[in-house]
Amino acid sequence: MAPQYAPSLRSRLPPLLLFLQTGFIVIYAFYTDIEGYVKERDGNTFSNFYPEFQDVNVMVILGFGFLWTFLVRYGFSGAGFNLLVAVVATQCAVILNGIDSWYYRGKIRINLRSLVDAEMCAASALISIGAVLGKTNPVQLVLMALLEVSGFVLNEWLLHTLLKVRPLKDMRLHIFGAFFGLMLTWILHRDGSKQQFEKEKFGRKTGLFSMLGSIFLWMFWPSFNSVLVDAHTPGRKLDAVCSTYLALAVSAVTAAALSVLSSPKGKVNLIHMHSCILAGGVAVGVSISGVHQPWEAMAIGFTAAVVSTIGFRYLKNHMLRAFQCHDTCAILSTHGLPGLLGWLAQLLLQIRDCDNHTMAIRFAVVHICTVLFTISLSVAMGIITGLLLKWNIWRPSQDRKCFDDQAFWEFPRLAVRK
Amino acid sequence: MAPQYAPSLRSRLPPLLLFLQTGFIVIYAFYTDIEGYVKERDGNTFSNFYPEFQDVNVMVILGFGFLWTFLVRYGFSGAGFNLLVAVVATQCAVILNGIDSWYYRGKIRINLRSLVDAEMCAASALISIGAVLGKTNPVQLVLMALLEVSGFVLNEWLLHTLLKVRPLKDMRLHIFGAFFGLMLTWILHRDGSKQQFEKEKFGRKTGLFSMLGSIFLWMFWPSFNSVLVDAHTPGRKLDAVCSTYLALAVSAVTAAALSVLSSPKGKVNLIHMHSCILAGGVAVGVSISGVHQPWEAMAIGFTAAVVSTIGFRYLKNHMLRAFQCHDTCAILSTHGLPGLLGWLAQLLLQIRDCDNHTMAIRFAVVHICTVLFTISLSVAMGIITGLLLKWNIWRPSQDRKCFDDQAFWEFPRLAVRK
Amino acid sequence: MAPQYAPSLRSRLPPLLLFLQTGFIVIYAFYTDIEGYVKERDGNTFSNFYPEFQDVNVMVILGFGFLWTFLVRYGFSGAGFNLLVAVVATQCAVILNGIDSWYYRGKIRINLRSLVDAEMCAASALISIGAVLGKTNPVQLVLMALLEVSGFVLNEWLLHTLLKVRPLKDMRLHIFGAFFGLMLTWILHRDGSKQQFEKEKFGRKTGLFSMLGSIFLWMFWPSFNSVLVDAHTPGRKLDAVCSTYLALAVSAVTAAALSVLSSPKGKVNLIHMHSCILAGGVAVGVSISGVHQPWEAMAIGFTAAVVSTIGFRYLKNHMLRAFQCHDTCAILSTHGLPGLLGWLAQLLLQIRDCDNHTMAIRFAVVHICTVLFTISLSVAMGIITGLLLKWNIWRPSQDRKCFDDQAFWEFPRLAVRK
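As you go down the protein sequences, you meet chains A, B and C in turn. Residue 52 in the UniProt record's numbering sits at position 52 of the first sequence, and the numbers go up by one each step. Residue 61 in the UniProt record's numbering sits at position 61 of the second sequence, and the numbers go up by one each step. Residue 320 in the UniProt record's numbering sits at position 320 of the third sequence, and the numbers go up by one each step.
These are computed hints drawn from the structure, not numbers from a lab. Each hint should be verified, as a subset may be incorrect.
Listed below are the simulated BS3-like cross-link pairs for lysine-lysine, each with C-alpha atoms no more than 25 angstroms apart in a straight line [to be verified]:
{"no.": "1", "chain 1": "C", "residue 1": "LYS390", "chain 2": "B", "residue 2": "LYS265"}
{"no.": "2", "chain 1": "B", "residue 1": "LYS205", "chain 2": "A", "residue 2": "LYS199"}
{"no.": "3", "chain 1": "A", "residue 1": "LYS265", "chain 2": "A", "residue 2": "LYS316"}
{"no.": "4", "chain 1": "A", "residue 1": "LYS107", "chain 2": "A", "residue 2": "LYS201"}
{"no.": "5", "chain 1": "A", "residue 1": "LYS199", "chain 2": "C", "residue 2": "LYS265"}
{"no.": "6", "chain 1": "A", "residue 1": "LYS205", "chain 2": "B", "residue 2": "LYS205"}
{"no.": "7", "chain 1": "C", "residue 1": "LYS205", "chain 2": "A", "residue 2": "LYS199"}
{"no.": "8", "chain 1": "B", "residue 1": "LYS316", "chain 2": "A", "residue 2": "LYS205"}
{"no.": "9", "chain 1": "A", "residue 1": "LYS205", "chain 2": "B", "residue 2": "LYS201"}
{"no.": "10", "chain 1": "B", "residue 1": "LYS205", "chain 2": "C", "residue 2": "LYS201"}
{"no.": "11", "chain 1": "A", "residue 1": "LYS390", "chain 2": "C", "residue 2": "LYS205"}
{"no.": "12", "chain 1": "B", "residue 1": "LYS199", "chain 2": "A", "residue 2": "LYS265"}
{"no.": "13", "chain 1": "A", "residue 1": "LYS265", "chain 2": "B", "residue 2": "LYS390"}
{"no.": "14", "chain 1": "B", "residue 1": "LYS201", "chain 2": "C", "residue 2": "LYS205"}
{"no.": "15", "chain 1": "B", "residue 1": "LYS205", "chain 2": "B", "residue 2": "LYS265"}
{"no.": "16", "chain 1": "A", "residue 1": "LYS205", "chain 2": "C", "residue 2": "LYS199"}
{"no.": "17", "chain 1": "B", "residue 1": "LYS107", "chain 2": "B", "residue 2": "LYS201"}
{"no.": "18", "chain 1": "B", "residue 1": "LYS316", "chain 2": "B", "residue 2": "LYS390"}
{"no.": "19", "chain 1": "B", "residue 1": "LYS199", "chain 2": "C", "residue 2": "LYS205"}
{"no.": "20", "chain 1": "A", "residue 1": "LYS205", "chain 2": "C", "residue 2": "LYS201"}
{"no.": "21", "chain 1": "B", "residue 1": "LYS265", "chain 2": "C", "residue 2": "LYS199"}
{"no.": "22", "chain 1": "C", "residue 1": "LYS164", "chain 2": "C", "residue 2": "LYS316"}
Derived DEER-like restraints, expressed as beta-carbon distance ranges [unchecked claim]:
{"no.": "23", "chain 1": "C", "residue 1": "LYS265", "chain 2": "A", "residue 2": "ALA364", "range": "54 to 64 angstroms"}
{"no.": "24", "chain 1": "B", "residue 1": "TYR103", "chain 2": "A", "residue 2": "ALA360", "range": "35 to 45 angstroms"}
{"no.": "25", "chain 1": "B", "residue 1": "ASP399", "chain 2": "A", "residue 2": "ASN392", "range": "53 to 63 angstroms"}
Here are a few chain B residues that sit away from chain C, every Cβ distance over 12 angstroms (derived from the structure) [to be verified]:
{"no.": "26", "residue": "LEU16"}
{"no.": "27", "residue": "SER114"}
{"no.": "28", "residue": "ILE215"}
{"no.": "29", "residue": "CYS369"}
This one's a predicted model, so the numbers in the text were calculated from it and none came from an experiment. Glycine included, C-beta positions come from ideal geometry on N, C-alpha and C.
Let's have the full structure, built from the sequences with the hints guiding it.
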């Protein structure tokens, strides 16, 4: 009877979480303070910035969490572990993002902006989780998130130090997260994924929960893309919101059309509706600083949805067979490819806008170096993290307990006399 | 075996959507630009207006979408097609609303306000969909939305040109949408609706999803009613929010009371709780410019909920038997009657506030003409749309595939080996 | 066959609701007006305050409502009756809160702030309902809410009159609500609760709805704690938001760790994840005026989550066996104990910040008197309310109809011919 049960995490998860949490509290006690003073001149007064902070919060906690409830027997884990990982990653990212400020001023300042910055880093970790969802236990997820966030912040610091560029977080977030996750799942390859996992399917009801998460991401994506745009030029912020909204609208229509077109029976695939409607938001977010006309945003949204839906339909199985890379939520098609597409669009748009050739070439070189560097670092960090997590000490679930809530969650009703 | 399946939409839906989407992108490329400049003097700065835009967005995409998941086997279609129709209608409405500005300035300006305006038009189309939900396929829904939005914008233009009035969108939205939908479903009458459709019922779980959509509509309705109120007089906006909130609160209590009172077993009907709690918001929205005291809003909310609940309980079946008009979501009781009630309330309130008889009579004549004109146009457009959609070329579902997700959605788990 | 059915509420609920509602409309007609004038100097302009009002609204209507859908057969009642009770309690609280202003000015002013104040009172009633959820009928719930809100407002008035203090609503809300609810459920003790109720268990799908409510509460708790903080000092508001966010993040991690640690099989309990992740928000909300450093908020969040999770695991059954007090949602552990902990934290923090001994002692005496007085009044009101609700005239459900939607909701599908 014993081997039927998933290995207990009682001796692994609580010590890890309590250690991390106590550590964070100690670090926060010595090195942080809350910035009580609000700089009016930034235009980031409380009432201006707080609703945007809440929107990002909703996307990270609710959007990603419920997007991952689509697996029929893995809903609690999808929503619950997402919350756990997001808050651990956010607390960690606040510290890592603030090392600079700690070095110069002795204290890390906590305000709404630093929390939003940290949640963006957490979002990057949550994207990576999409690739290994259902095949890892919470201990592995928490460790992975810590390493992913460290890699992401390291990437920003290296880009700033070596290339003297400081690209928008949006750009690197999707690409870094997607390639990190892909490498991780490639290293953690399991036998069960040769054929599809027994429990990897979605149900009618959980499909609607997932739709809910997806719709929240869709609705608040304009905030996600505009929140880090400089508030000194409010026109830019409005541009970002309208562009993102249009790109998302086009994505939704295109994803539905392509999903029906690529289906032999002419039906819509629910998972495409969940993920590919967001492709436009990803692509436009990456290229936001180059987009100035509505039609540019719409064309990017259109292309991104085409790439994403086609990728989702054909690439996922191909990746599994050819590279033994099992990508649960198809993050390559949802975040990786649209991210690269947005990067390409920005390259073309910025070169078009440049006045002379020298500037255009200089921009192109820096832009290409940035993305190559980001991909290399994310692949390297992904492989290292994968090797670390392969260690049996973390008590990974058996193949037959994958994609199953019962491995991690108490179901009290079983204890009830009927 | 073949006739068991619903007709495939592969040759209909993708071409339509791709054609529309490419057309929209081309039109946007030549005739629109994003308005980067924010007029401070309007009081509509980015941070003031963006949260309200998001609230309307949440209502249109999430609220209506999930409100329509109550049918036990039609949840995916309810939420998914709602998103599809909403984004197509919004893109179309931005163009149609901007024809005026295109004529005078050569360009349509896209900003948060024009997007909100367009989403209001989309909301009107979504209300109409409520009447034919489950009995039409997505091709028909998209075509219907395009025609409905065109009719709605035409109505506004004609009212402005002929009667020199420009009533708030709120007023015409509910009435136009409801009568358009009723005519449409009357023309599209199906044999299956003589007795109740086999699959037209709601389940325990989908009932909660629907409750979620309903609660989102309920919570953000104050934004819906206040967003188009002139921001120059912020006191009016506050009035609108408080009045709407009070009317909604009264509606919720009254709907519950009436639902129990009209039930032989003394039980609450869930569908009443979904729809009738919103009646107060509809009625107060229509009469918002006449309401100045809390009790007026509350009395309107009370009456609207009584009319709506009684209408829901007795009118729906009567409409079906007497007029062969099958109204899936009872939009007559939810939007039509409360809208007319609000119109009547505004008439009475404005006449009371008028200083002399001449003005009162002039106002009454214009007000009555406005509503008669709106109803006539919506009935005419509904009949034309119905006749167009009756055409077999759109491949309508068979009666036994009505209210069933399987006609339109791939269920991947069926392909999984157990 | 007759005794199988729950007693019909047709002769009880509608008269009560219609009487209350008509009464409210009459009172509002004579004694209230909407405050159209917005005081710019307060910093509470419409666009500043409206998003926060909406956040509180979302928490009260959606958050609490869906948090209570976790019972497998009681989802409709959880969400529906919550809406009903919340709007009745809010309307009542607007009047009771305004008696002062009515006395001096003849009119109660209704604006966004008075609605938020009233919703806070309603939240206090909703917390109490957590203790008796599933064991009472809507008539009892509405009466209970009216008495609870009256007691809560009376408590504020007495504290202000006798002790000359006006503590933040946050503080008394959780403590008053929890002890009121506990007394109520103790008086209303039922035989069915000796062993667990037949239907008191949670299901997989309803668990996710409940997770949704819990996540909404979690996300918007910073608004809940900051909305009543004085807007004259915007730095304080920012402090409150960041502190609450950090405390909630720490709570989530700690609750997960403790839940696994206290489970013999090393699994997470979903109900702990629902309720205990909020403990940090409760505790920090109570002590918000004393918290100035991030680590203080985090330490309070940590302790609150430990107390709450341990209390949830062991205290609920103990309470039932030792005191015959059946606490459906374990509000003692979720609101009562974290509230008291926050009270203690504030006492210690404020004493530390005091300059001299006299002030510290005076503060401590007043602080201790406040909490003792609040608890006494809530216990007294709870007992009185319990005795009143025990009366058979309210037609309480039988034990076997407890925790069952069928007692109160029509299920139309049963009436459908298959």
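Tested hints:
1. LYS390/C <-> LYS265/B: Holds, at about 23 angstroms.
2. LYS205/B <-> LYS199/A: With Cα atoms ~22 angstroms apart, LYS205/B and LYS199/A stay inside 25 angstroms; holds.
3. LYS265/A <-> LYS316/A: Answer holds: LYS265/A to LYS316/A is near 20 angstroms, not above 25 angstroms.
4. LYS107/A <-> LYS201/A: Distance of about 48 angstroms is beyond 25 angstroms: violated.
5. LYS199/A <-> LYS265/C: Holds - the C-alpha atoms of LYS265/C and LYS199/A are around 22 angstroms apart, at most 25 angstroms.
6. LYS205/A <-> LYS205/B: holds (8 angstroms)
7. LYS205/C <-> LYS199/A: holds (17 angstroms)
8. LYS316/B <-> LYS205/A: violated (28 angstroms)
9. LYS205/A <-> LYS201/B: Distance of about 16 angstroms is within 25 angstroms: holds.
10. LYS205/B <-> LYS201/C: holds (16 angstroms)
11. LYS390/A <-> LYS205/C: Roughly 33 angstroms separates the two Cα atoms, so the pair is violated.
12. LYS199/B <-> LYS265/A: holds (22 angstroms)
13. LYS265/A <-> LYS390/B: holds (23 angstroms)
14. LYS201/B <-> LYS205/C: With a Cα-Cα distance of about 19 angstroms, the restraint between LYS201/B and LYS205/C holds, given a limit of 25 angstroms.
15. LYS205/B <-> LYS265/B: Roughly 23 angstroms separates the two Cα atoms, so the pair holds.
16. LYS205/A <-> LYS199/C: holds (22 angstroms)
17. LYS107/B <-> LYS201/B: violated (48 angstroms)
18. LYS316/B <-> LYS390/B: holds (23 angstroms)
19. LYS199/B <-> LYS205/C: holds (22 angstroms)
20. LYS205/A <-> LYS201/C: holds (19 angstroms)
21. LYS265/B <-> LYS199/C: holds (22 angstroms)
22. LYS164/C <-> LYS316/C: Answer violated: LYS164/C to LYS316/C is near 37 angstroms, above 25 angstroms.
23. LYS265/C <-> ALA364/A: 54 to 64 angstroms: holds (57 angstroms)
24. TYR103/B <-> ALA360/A: 35 to 45 angstroms: Since the Cβ atoms of TYR103/B and ALA360/A sit about 38 angstroms apart, the hinted range of 35 to 45 angstroms holds.
25. ASP399/B <-> ASN392/A: 53 to 63 angstroms: holds (58 angstroms)
26. LEU16: holds (34 angstroms)
27. SER114: holds (19 angstroms)
28. ILE215: violated (5 angstroms)
29. CYS369: holds (30 angstroms)
Hint compliance for this structure: hints 4, 8, 11, 17, 22 and 28 are not met, and every other hint is.
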